[in-house]
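Student: Residues per chain, in single letters:
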Amino acid sequence: MIRTVLLAGRAGLHLRAASRIAEAAATLPTQVTVRTLDRKPVPADSVLSLLGLGALCGTELILEAYGDGAAESLERLAEFFAVDPDAVGA
Amino acid sequence: MTTNISGVLEPRSVRVHEIATDRESAIHRCADVLEEIGAVHPAYREAMLDREWAMSTYVGEGVAIPHGLDMSRELVRRDSLAVLRFPGGVDWEGGRVTVCVAIAARGDGHVALLSQLALILLDPRKAEILRSATDPEAIVAMLEADDEE
Numbered sequence: 001m002i003r004t005v006l007l008a009g010r011a012g013l014h015l016r017a018a019s020r021i022a023e024a025a026a027t028l029p030t031q032v033t034v035r036t037l038d039r040k041p042v043p044a045d046s047v048l049s050l051l052g053l054g055a056l057c058g059t060e061l062i063l064e065a066y067g068d069g070a071a072e073s074l075e076r077l078a079e080f081f082a083v084d085p086d087a088v089g090a
Numbered sequence: 001m002t003t004n005i006s007g008v009l010e011p012r013s014v015r016v017h018e019i020a021t022d023r024e025s026a027i028h029r030c031a032d033v034l035e036e037i038g039a040v041h042p043a044y045r046e047a048m049l050d051r052e053w054a055m056s057t058y059v060g061e062g063v064a065i066p067h068g069l070d071m072s073r074e075l076v077r078r079d080s081l082a083v084l085r086f087p088g089g090v091d092w093e094g095g096r097v098t099v100c101v102a103i104a105a106r107g108d109g110h111v112a113l114l115s116q117l118a119l120i121l122l123d124p125r126k127a128e129i130l131r132s133a134t135d136p137e138a139i140v141a142m143l144e145a146d147d148e149e
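Taken in order, these protein sequences are the chains called A and B.
Residue 22 in UniProt numbering is what sits at position 22 of the first sequence, and the numbering runs on without skipping anything.
Residue 80 in UniProt numbering is what sits at position 80 of the second sequence, and the numbering runs on without skipping anything.
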């Protein structure tokens, strides 16, 4: 199952954002991978792998998960990429 | 042009024999070096500490990457990195740190540097050079070679 999301964070996928995403990914029922159009998929629960994507604001990210709970996992994780962690009130 | 590491790291900002009693003093040392090389306004130090207390900058592999906050980027005079080795280790939230890579960068350069650095840390050979090199030139050479890959 695949879900595409555009990175909302104006400052890009920085360490605080990546840490929150990796922490959330570790609690999901299935493993989720993330990739950009030009990079290989990486595990969403690895902070370093997420940083390695070098995703800037507006970058298209492709999330993938399979098996039981895949839809729920993608739904929950996509939300993190679609919200700007530096926005007031976020 | 993409910001790359060797473009923002000078040999004089690599320090291989640092000592710090705790996380706060390690960050002060990082700020000292960034200030010495003229990379940041003195107020950047406070932003680095604020950022650290908001959420640990430990990233794994014995490495922390202290940096300021988005709003402190105007305090950055010139995009720069500083590499400080603490051979005795420093207790950090998240793990024990033997290397700090301090980042001062504006705009999208920050994420570009984070990305390159993360890929280096995911490469066991390069991560080991960063942790164990006793010669600043060895670290600079590894990072320059990385830019060419």
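Calculated from the structure, these hints are not laboratory results.
Treat each hint with caution, since some may be false.
As the list claims (entries may be wrong) - One-sided excerpt, in silico: chain B residues whose CB lies under 10 Å from chain A:
hint, residue
1, His28
2, Ala54
3, Ser56
4, Val59
5, Gly62
6, Asp70
7, Met71
8, Leu75
9, His110
10, Gln116
11, Ala118
As the list claims (entries may be wrong) - Which stretches of chain A does chain B cover? Using the computed rule of at least three CB atoms under 8 Å from a CB of chain B, they are:
hint, region
12, 14 to 21
13, 62 to 76
These figures come from a predicted structure and were not determined experimentally.
For each residue, glycine too, the CB sits at the ideal point set by N, CA and C.
Student: Which earlier hints can't be squared with this structure?
Tutor: 1, 5, 8 and 13
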